[in-house]
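Asks: Sequence:
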Amino acid sequence: MIKRSFFSVLVMVMALLLSCNGDDKTPAPTPETPAASNVKNIGIAVINTYPHDTGSFTQGLVIYKGQLYEGTGGSDYAPEGRASELLKVNLQNGKAEKTLALDKKYFGEGITILNDTLYQLTWREKVVFVYTLPDFKKVKEFPINTEGWGITTDGKELIVSDGSSNLYYYNPSTFQLLRTQSVTANGDFLDSINELEFIDGFVYANQWNRPYIFKIDPASGLAVGKIDLSPIWDRLKSRDSKNEENVPNGIAYDHDIKKIYITGKKWPELYEVQLGN
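Start counting the sequence shown at 0; every next residue gets the next number (numbering that gives the first Met the number 0).
Because the hints were derived from the structure by calculation, they are not lab data. Just so you know, not all the hints are guaranteed correct.
What the hints assert, rightly or not - With a straight-line Cα cutoff of 30 Å, these simulated BS3-like cross-link-like pairs (lysine-lysine) come out:
no.: 1; residue 1: Lys97; residue 2: Lys125
no.: 2; residue 1: Lys258; residue 2: Lys87
no.: 3; residue 1: Lys214; residue 2: Lys64
no.: 4; residue 1: Lys136; residue 2: Lys104
no.: 5; residue 1: Lys214; residue 2: Lys39
no.: 6; residue 1: Lys214; residue 2: Lys225
no.: 7; residue 1: Lys64; residue 2: Lys137
no.: 8; residue 1: Lys97; residue 2: Lys87
no.: 9; residue 1: Lys64; residue 2: Lys87
no.: 10; residue 1: Lys125; residue 2: Lys139
no.: 11; residue 1: Lys97; residue 2: Lys155
no.: 12; residue 1: Lys104; residue 2: Lys87
no.: 13; residue 1: Lys97; residue 2: Lys39
no.: 14; residue 1: Lys64; residue 2: Lys94
no.: 15; residue 1: Lys139; residue 2: Lys94
no.: 16; residue 1: Lys214; residue 2: Lys257
no.: 17; residue 1: Lys139; residue 2: Lys103
no.: 18; residue 1: Lys241; residue 2: Lys258
no.: 19; residue 1: Lys214; residue 2: Lys236
no.: 20; residue 1: Lys137; residue 2: Lys103
no.: 21; residue 1: Lys104; residue 2: Lys137
With the hints as extra help, turn the sequences into a complete structure.
Replies: As structure tokens, then:
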């Protein structure tokens, strides 16, 4: 009886102490409790403007060894039933110098390049196509368990989005899933992560159907910056009402000369931009 009474009192004292201090404690992040972050607004300035094919429903954009490549979606979203394509594009005039059309049963999505190997996602078909450069020769196909939206690389692994708040890290040789990282912004999960680009240690991501690019710390999944493309998009919409539906999508970084490029789905222009701190 003495031991039980002492134990009961001890439990009551501990509970009282915890209840007194509970308001000072922040719960650890869980799938139900996103980690908080402070997302800073990042300024953007247009440095140069280049023509862009309005028939290209841009899903992926990348510059590799000074050459611009673009992946597009096809079917009902493109004029005259244009198929999804993989394009080598002349930056100066916006014209395709090399084109590979996908079978129309595939809807092309994001692209990235690592070690002269180009990876192209498909949307709901859950297949990743692998090509060699510069010939666009398809050498592999990998299955993927999620929808394919955006893809980039940190130079070692492939980073994929599926329209959720997650980033998925894959082995480029086997496409084996290595880990999954949730992304949060100001304490909420960041939904609709789309086209991706890896720039100076951070993942930059278009948010689908919205005028934002988020700067994400890949180690923590915290969005640390937000770029508002509304002024560019609004200007295009004022010139052509069709651009109301043609959302911003496409981020490319030329690592050699430190230049960033952006565009959107069927936009008439592609922009070299400079970002603020």
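Asks: Are the hints correct? Go through all of them and say.
Replies: Verification of the hints:
| no. | hint | verdict |
| --- | --- | --- |
| 1 | Lys97 <-> Lys125 | holds (25 Å) |
| 2 | Lys258 <-> Lys87 | holds (18 Å) |
| 3 | Lys214 <-> Lys64 | holds (23 Å) |
| 4 | Lys136 <-> Lys104 | holds (19 Å) |
| 5 | Lys214 <-> Lys39 | holds (9 Å) |
| 6 | Lys214 <-> Lys225 | holds (6 Å) |
| 7 | Lys64 <-> Lys137 | holds (20 Å) |
| 8 | Lys97 <-> Lys87 | holds (5 Å) |
| 9 | Lys64 <-> Lys87 | holds (12 Å) |
| 10 | Lys125 <-> Lys139 | holds (14 Å) |
| 11 | Lys97 <-> Lys155 | holds (27 Å) |
| 12 | Lys104 <-> Lys87 | holds (22 Å) |
| 13 | Lys97 <-> Lys39 | violated (39 Å) |
| 14 | Lys64 <-> Lys94 | holds (18 Å) |
| 15 | Lys139 <-> Lys94 | holds (27 Å) |
| 16 | Lys214 <-> Lys257 | holds (16 Å) |
| 17 | Lys139 <-> Lys103 | holds (19 Å) |
| 18 | Lys241 <-> Lys258 | holds (29 Å) |
| 19 | Lys214 <-> Lys236 | holds (25 Å) |
| 20 | Lys137 <-> Lys103 | holds (16 Å) |
| 21 | Lys104 <-> Lys137 | holds (17 Å) |
In this structure, only the earlier hint numbered 13 is contradicted, and the remaining ones agree with it.
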